[in-house]
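Taken in order, these protein sequences are the chains called A and B. Numbered by the working numbering, the letters in the first sequence go through residues 1 to 139 in order. Numbered by the working numbering, the letters in the second sequence go through residues 1 to 177 in order.
Any given hint could turn out to be false.
What the hints assert, rightly or not - Derived Cβ-Cβ restraints for the label pairs, each shown as a range:
| # | chain 1 | residue 1 | chain 2 | residue 2 | range |
| --- | --- | --- | --- | --- | --- |
| 1 | A | Tyr96 | B | Trp22 | 34 to 44 Å |
| 2 | A | Gln78 | B | Gln75 | 56 to 66 Å |
| 3 | B | Leu9 | A | Pro122 | 13 to 23 Å |
| 4 | A | Thr47 | B | Leu83 | 17 to 27 Å |
| 5 | A | Met131 | B | His167 | 23 to 33 Å |
| 6 | A | Gln85 | B | Gln75 | 14 to 24 Å |
| 7 | A | Thr47 | B | Leu37 | 41 to 51 Å |
| 8 | A | Phe120 | B | His167 | 35 to 45 Å |
| 9 | B | Leu83 | A | Thr45 | 55 to 65 Å |
| 10 | A | Gln63 | B | Lys39 | 37 to 47 Å |
| 11 | B | Pro103 | A | Thr45 | 54 to 64 Å |
| 12 | A | Gln85 | B | Pro47 | 36 to 46 Å |
| 13 | A | Thr47 | B | Glu57 | 30 to 40 Å |
| 14 | B | Thr7 | A | Met131 | 56 to 66 Å |
What the hints assert, rightly or not - Computed far set for chain B versus chain A, every beta-carbon distance over 12 Å:
| # | residue |
| --- | --- |
| 15 | Pro33 |
| 16 | Lys39 |
| 17 | Pro42 |
| 18 | Glu50 |
| 19 | Pro61 |
| 20 | Lys107 |
| 21 | Glu174 |
| 22 | Gln175 |
Keep in mind that the hints were calculated from the coordinates and are not lab data. Please read all numbers here as calculations on a predicted model, not as lab measurements. Where is the CB? At the ideal position from N, CA and C, for every residue including glycine.
Residue strings, one per chain:
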Amino acid sequence: MKYFWTLALCLLFIGTTHPIAGTAHPSRDRKGAETLATTAETFPTKTETQLLKDLRCLVCQNQDLADSNATLAKDLRQEVHQLLQQGQSPTEIKAYLQARYGDFILFKPPVKPTTLLLWFGPFLFLSLGLMLLWTLLRK
Amino acid sequence: MPKLGWTALPVILCILLGLAFWRGLSLDPRELPSVQLGKKLPAFQLPLLENAGVLSENSLPKQVILLNVWASWCQACVEEQALLMELAADRVPIYGINYKDKPKQAKQWLKLWGNPYQRVGQDRQGKLALDLGVYGAPETFLIDKQGIVRYRHAGILTKKLWTETIHPLMQHWEQQG
Numbered sequence: 001m002k003y004f005w006t007l008a009l010c011l012l013f014i015g016t017t018h019p020i021a022g023t024a025h026p027s028r029d030r031k032g033a034e035t036l037a038t039t040a041e042t043f044p045t046k047t048e049t050q051l052l053k054d055l056r057c058l059v060c061q062n063q064d065l066a067d068s069n070a071t072l073a074k075d076l077r078q079e080v081h082q083l084l085q086q087g088q089s090p091t092e093i094k095a096y097l098q099a100r101y102g103d104f105i106l107f108k109p110p111v112k113p114t115t116l117l118l119w120f121g122p123f124l125f126l127s128l129g130l131m132l133l134w135t136l137l138r139k
Numbered sequence: 001m002p003k004l005g006w007t008a009l010p011v012i013l014c015i016l017l018g019l020a021f022w023r024g025l026s027l028d029p030r031e032l033p034s035v036q037l038g039k040k041l042p043a044f045q046l047p048l049l050e051n052a053g054v055l056s057e058n059s060l061p062k063q064v065i066l067l068n069v070w071a072s073w074c075q076a077c078v079e080e081q082a083l084l085m086e087l088a089a090d091r092v093p094i095y096g097i098n099y100k101d102k103p104k105q106a107k108q109w110l111k112l113w114g115n116p117y118q119r120v121g122q123d124r125q126g127k128l129a130l131d132l133g134v135y136g137a138p139e140t141f142l143i144d145k146q147g148i149v150r151y152r153h154a155g156i157l158t159k160k161l162w163t164e165t166i167h168p169l170m171q172h173w174e175q176q177g
């Protein structure tokens, strides 16, 4: 029982931690591209804002497209705006961008074999912990 | 003995976790896998920088080439230019995509830093770049004889990268079909 709390804390720690860690290495140039925006950015609709919040800016990776000031984000905002104007659905636009920039552009990664551990790892570790606890407490 | 076993468990777990985090810190989150690998180049029609022609996916030669995305506003591009010039002197076919640039500035830049490109297409709106999933400059793609993207590097090309990765890859794809 003496080690119960240490053990429980450790398991809780592992269970709630996701394998996401990152540092920025500004190794190349992403600023200052010639802005060729033909139209000024207009106020986005609710759907558009929601969509932009689900998309990650690939330059400032912890910002979404709605927030980022990077040139790439501006370009992509414009692209999303145009596609919406053409009557494409948010799902179609997400698929369009995913086909070019990969899963990384989505803040919510899709469930597939390589992301199984990411999605279900916490539950796996939690059940392992509970099993361990169960056997320990029964002794 | 069993008592010691349980005491050691949290310590072992913490060490393992620490190692996992340590590894995570040394990974570069900017190294994104390209979705384009194994796919054909998207269709494009870019006006040439030097003269009146067009650069399209069909006008590329049926050989293994490098496709380099650059711009005159891109300071990092200057850094890899010396290597590109060296490669061009060794007859490595390099094609340029001038990304969101002004033709006049692009031409000046080439005069200043050298022109290693067989031909340069102007992607003024960044349309091809978007289709290729480019998110900054420079970026370099390796295209095989069938026009399929086989490798992508986002960032500055280095001598090490060339000798260890890109050159062997070019030789490999040169021998295929």
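Results for each hint:
For the hinted restraint 34 to 44 Å between tyrosine 96(A) and tryptophan 22(B), the CB-CB distance of approximately 38 Å keeps it satisfied. Remark: the range hint 56 to 66 Å for glutamine 78(A) to glutamine 75(B) is contradicted by a beta-carbon distance near 24 Å. Remark: the range hint 13 to 23 Å for leucine 9(B) to proline 122(A) is upheld by a beta-carbon distance near 19 Å. Under the hint 17 to 27 Å, the C-beta atoms of threonine 47(A) and leucine 83(B), about 46 Å apart, miss the expected range.
Under the hint 23 to 33 Å, the C-beta atoms of methionine 131(A) and histidine 167(B), about 52 Å apart, miss the expected range. Separation of glutamine 85(A) from glutamine 75(B) is about 35 Å and departs from the stated range, judged on CB atoms against 14 to 24 Å. Taking the beta carbon of each, threonine 47(A) and leucine 37(B) are about 32 Å apart, not inside 41 to 51 Å as hinted. Checking the proposed 35 to 45 Å range against phenylalanine 120(A) and histidine 167(B) shows it holds: the Cβ atoms sit about 41 Å from each other.
Taken as a hint, the range 55 to 65 Å is violated for the pair leucine 83(B) and threonine 45(A), whose Cβ atoms sit roughly 47 Å apart. The hint said 37 to 47 Å for the Cβ distance between glutamine 63(A) and lysine 39(B), and at roughly 28 Å that hint is violated. For the pair proline 103(B) and threonine 45(A), the supplied restraint of 54 to 64 Å is violated, since their beta-carbon distance comes to about 36 Å. The hint said 36 to 46 Å for the Cβ distance between glutamine 85(A) and proline 47(B), and at roughly 26 Å that hint is violated.
Between threonine 47(A) and glutamate 57(B) the C-beta distance comes to about 34 Å, which sits within the given range of 30 to 40 Å. The supplied range of 56 to 66 Å is broken by threonine 7(B) and methionine 131(A), whose beta-carbon atoms lie about 20 Å from each other. Here proline 33(B) does not stay apart from chain A, with its beta-carbon only about 6 Å from theirs, under the 12 Å limit. Interface exclusion of lysine 39(B) from chain A breaks down, the closest Cβ pair being 9 Å apart, not more than 12 Å.
With a cut of 12 Å on Cβ distances, proline 42(B) falls inside the contact zone with chain A, its closest approach being about 9 Å. For glutamate 50(B), the requirement that its beta carbon stay farther than 12 Å from each beta carbon of chain A is met, with the minimum near 19 Å. With a least beta-carbon separation of about 25 Å from chain A, proline 61(B) lies farther than 12 Å from that chain, consistent with its non-interface assignment. Non-interface status of lysine 107(B) relative to chain A is upheld: no Cβ of that chain comes within 12 Å, the nearest being about 14 Å off.
With a closest Cβ-Cβ approach of about 28 Å to chain A, glutamate 174(B) is found to remain outside the 12 Å limit, as its non-interface label requires. Residue placement check: glutamine 175(B) keeps its beta carbon more than 12 Å from all beta carbons of chain A (closest about 29 Å).
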